[in-house]
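Colleague: Sequence:
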Amino acid sequence: MVKIEKYLWVPFVCIVVLTTPVFSISQMIQHEGWSIPDLKGLTPYSITIKQVDGAEKIVERFDTPQGGHVARISGNGKVFAYAVDRDWEPPIDYFLLDPDGSGRFTKKLKPDEIYTIPEWVFR
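Here our numbering is used: the first residue of the sequence shown is 1, the next is one more, and so on.
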């Protein structure tokens with residue numbers, strides 16, 4: 001009997017380990033925020049507007065003086081992400097995301113990671 005009771009915790013530990021969400025290793029968080037691209041004085045070469053999940057999503061694309069391009073992504077007039085590509089070769093280099101509306105772009109995502117419009121954009 002003692003042996004059986006001794007190992008009753010094993011199934012519990014297995015359930016906890018198997019049900020814990022796994023976070024992407026490639027997503028980088030910087031609490032003070034990543035530097036956003038300086039777009040002052042640049043004119044967008046492309047602007048797309050569409051409705052996505054009830055938000056007016058606007059993507060403005062800019063050529064950069066260094067030879068790459070940047071997309072500024074906003075929803076309902078609030079900038080929530082930047083897509084940065086330094087060489088015009090697919091895929092883009094990374095996304096910067098403001099997850100909480102603080103104005104700090106604290107999440108840096110790889111191009112293959114999926115993002116959604118943050119909840120604060122809808123408020």
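Be aware that one or more of the hints could be misleading.
Stated by the list, open to error - In silico DSS-like links for lysine-lysine, alpha-carbon gap of 27 Å or less:
hint, residue 1, residue 2
1, Lys-110, Lys-57
2, Lys-40, Lys-57
3, Lys-40, Lys-50
4, Lys-50, Lys-108
5, Lys-78, Lys-110
6, Lys-78, Lys-57
7, Lys-78, Lys-108
8, Lys-110, Lys-40
9, Lys-108, Lys-57
10, Lys-108, Lys-40
11, Lys-50, Lys-78
12, Lys-78, Lys-40
13, Lys-110, Lys-50
Simulated from the structure, these hints should not be mistaken for laboratory data.
Colleague: Each of the hints needs a verdict: does it hold here or not?
Modeller: Hint check results:
no. : hint             : verdict
1   : Lys-110 / Lys-57 : holds, 21 Å
2   : Lys-40 / Lys-57  : holds, 21 Å
3   : Lys-40 / Lys-50  : holds, 24 Å
4   : Lys-50 / Lys-108 : holds, 24 Å
5   : Lys-78 / Lys-110 : holds, 22 Å
6   : Lys-78 / Lys-57  : holds, 9 Å
7   : Lys-78 / Lys-108 : holds, 18 Å
8   : Lys-110 / Lys-40 : holds, 25 Å
9   : Lys-108 / Lys-57 : holds, 20 Å
10  : Lys-108 / Lys-40 : holds, 22 Å
11  : Lys-50 / Lys-78  : holds, 14 Å
12  : Lys-78 / Lys-40  : holds, 17 Å
13  : Lys-110 / Lys-50 : holds, 24 Å
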